[in-house]
Amino acid sequence: MSAPLIEMRGITKSFGAVKANEAVDLSVAPGEILGLLGENGAGKTTLMNVLFGAYAPDAGEILVEGRPVAIHNSADALAAGIGMVHQHFHLAPRLTVLENLLIGIPGKSGRIDRARGLARLNEIGRQYGLSLDPNLPVSALSVGEQQRLEIIKALFRGAKLLILDEPTAVLAPSEVDGLFAALRSMATQGLGIIFISHKLNEVRALTHRCVVLRHGKVAGRVDHPAQTTSAEMAKLMCGHEIVPPTKEASSPGAAVLTLDGISTSGHAGTPLRDVSLSVRSGEILGIAGVSGNGQRALADVISGMLPPRAGAMTIAGKAVARFSPRELQALGLGRIPEDRMTTGLVTNLPLADSMVLPRIGTEAFSRKGLLNPAAIRAFAEEQIKAYDIRCPGPMVRAGALSGGNLQKALLARELAFDPKVLIVSQPTRGLDIGAARFIHEKFLAMRAKGCGIIVIGEDLEELLMLSDRIAVMYEGRIAGTLPSADATVARLGLMMTGAGHTEEAA
Amino acid sequence: MSAVFEQIFQVGFLAAIIRIATPLAFATLGEMFSERAGVLNLGIEGIMLLCAMAGFTAASLSGSLWLGVLVAVLTGALMGALHALFTVALGLSQHVCGIGVTLFSSGLAYFLYRLIFGQQSVPPSIDGFKPVPIPLLSDIPVLGPAVFNQFTLVYLAIVAVPLAAFVLYRTPWGLSVRMVGENPRAADSAGVSVIATRFQAVILGGALMGLAGAFLTMAQFNAFTFGVVSGRGWVAIALVVFGRWDPWRSAGAALLFAFVDALQLRMQASGLGHIPYEAFLMLPFIFTIVAMAFMSRNAVAPSALLKPFRREER
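Residue numbers (my numbering), protein chains in the order written: chain A, 1 to 506; chain B, 1 to 314.
Heads up, a few of these hints could be off.
[Unchecked claim] Covered by chain A, according to a simulated footprint, are these stretches of chain B (three or more residues, beta-carbon under 8 Å): (1) 164 to 172; (2) 248 to 259.
[Said to hold, decoys possible] Label pairs and their in silico Cβ distance ranges: (3) Leu103(B) x Glu461(A): 53 to 63 Å; (4) Arg111(A) x Pro131(B): 53 to 63 Å; (5) Gly269(A) x Ala269(B): 50 to 60 Å.
To be clear, the hints were calculated from the coordinates, so they are not data collected in a lab.
Ideal Cβ positions, reconstructed from N, Cα and C, are used throughout, including at glycine.
So here's chain A without its partners, still in its complex pose (with noise of 0.2 Å):
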């Protein structure tokens, strides 16, 4: 076999006391498609931001073809030959296609060389099979044109190897079948691929070897992915096994909120048209959808942000007069929203603050307009025990938790008030599999309890693996919902596209 085209050895970098990477060592061979697996923290953006050059490793070496190289920046990286595509695209959305490519190139005579750069494309949309209109504002594109492009500005820089950060979070299922069409051939025309996920099917589907990172350390390493099972990586990736909690059946009670008609208008984002639909009590909906088909609007609806143009909404069979998020909290309306930074908490402000934060002027927390401290220090001090958030105390600035911490903080903000219905959006985005599992234990015991939950998501898995039923999303509508024992992957994928409507009784 040929010289690895990257090969990384005794790899170590320390934050403070933190090992975030230890002695780790890994190549890739021209042609080949490497997984890196893990748990978040377990090192693995850090191992590529060393290959990139972001940070300086404290110790190890990196070897492009053979030759030992020093990258000290990105700019050192590309011109090595290694071309990364991050999880948050580095494209500027204002500016077109090309600009985007041409960013950083030097010009012909003073001036952009359009020519140049055009022809450029071409040939990389000629032999990997990727184009792009060059005149399109990049706003313009879809997330997963988006991720082209990304690709394609590697590329265009005359990248050998490509890392790709968790490439497939952000897609629906018929993006990523040619998302991996793509990698496979420019595998096949000899460039290296470094592929970083934790959603084990991709990564049995996709690479030829995987390396397994847990606490910086490499696990393991396993040279048959596809043979491989997804439990026994996910084993090397914890240490321990992992046993999906088990779904008891459950006899739905009443409505406890049901959507007739909803519409929408003057969103961010697209707008609801004529939904309809109903969760009873210890029922779990998943709402499925590629993201940007109206679920923001939904979530905002039924929290109590965005007033409906048109249509009605019952929580606990009471109609909703007005919409605000305390008249549907009073309602017994729980909600934990897509994005735990900015809607979630307030990341400057202690985390106890943050944990009363929706209930601040209740009799709980204050009394004739003041606030009550040590009611909410206690209260904070007794969710932390009992969903063993990791912090060093309630008065900790929020931002500083794990993104798993936070998202049990959230849980614990609102569970602790006992709501009939609870809407979630994206619970375990970015949580590790074993943050993800307690989240999920915590849903199903709600649901047990005869609560109602909306599990908006896109992870379809885990929707299939939570829900009683699954309504899709697709341009604002319900374009179907399934039970979930008929649904698989497939079909909701094809229901996400647009295609194969079928409506059941919502």
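Add chain B to chain A, keeping to what the hints say.
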């Protein structure tokens, strides 16, 4: 009423518009470059004043107007570098630092002026720039004398607009400026230095503000007074928004403002004497506010405006 209009719309009126627009155009282009790179420069008002003073002083002491212009431009670049040091290198609040730069520059201008010229009952003046007619072009009726019989700095402003558009839209550096103003992380990952690009844009912006100041004391008034800038810097900030961060539109905005300003000057001088002159003075500013209210609704600022870039932050 028709007599009033006759008095207003004549060659001199057109020429006045061009002359009023020139410092605004320089200042607006300067602020635009800075903001396109993601840095709001509220120091503009003070920088213009300090440059007006520095240029005037250099010209007055040396006798060379062009040396005065050079000193004004260098002073502007230096103040731009100071603002960039605070906001780009140290990542401090652009609002606070900009106001600080304005207060500091204004104070410095007053102080140095008093130190150099003392307190005089009549402010010293210089023999400023003279209009330079451009052969042939200045013979065009109406447009010729108004546009092509002007100060060299006016011609420079006219050339500066397409040049700024070319630099911003057609050169790799201009693309880098737009990129660091939209998504600095994208520029950084493409190997472009965000810090260096922002420094360069803010310094270029300061230099252009310097030209604006130089024009005021060496072509328009030929003397330095403490009120010589009188809000033109603040107006330029509004004009950048009005011009949607585009060189052509910004220049157009400057011309429009200049038109209203020239109009009110004529109205003051014309037979509408029963109205207090302060009412006319307000007109351009009322116009700016109204125009902003209508036009800036769909104007979208560079996404990274006001946001300092720190690489390690995710």
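A quick look at each hint next to the structure:
no., hint, result
1, 164 to 172, "holds (count 3)"
2, 248 to 259, "violated (count 0)"
3, Leu103(B) x Glu461(A): 53 to 63 Å, "holds (60 Å)"
4, Arg111(A) x Pro131(B): 53 to 63 Å, "violated (34 Å)"
5, Gly269(A) x Ala269(B): 50 to 60 Å, "holds (55 Å)"
The structure fails to meet hints 2 and 4 from the earlier list, while all remaining hints are met.
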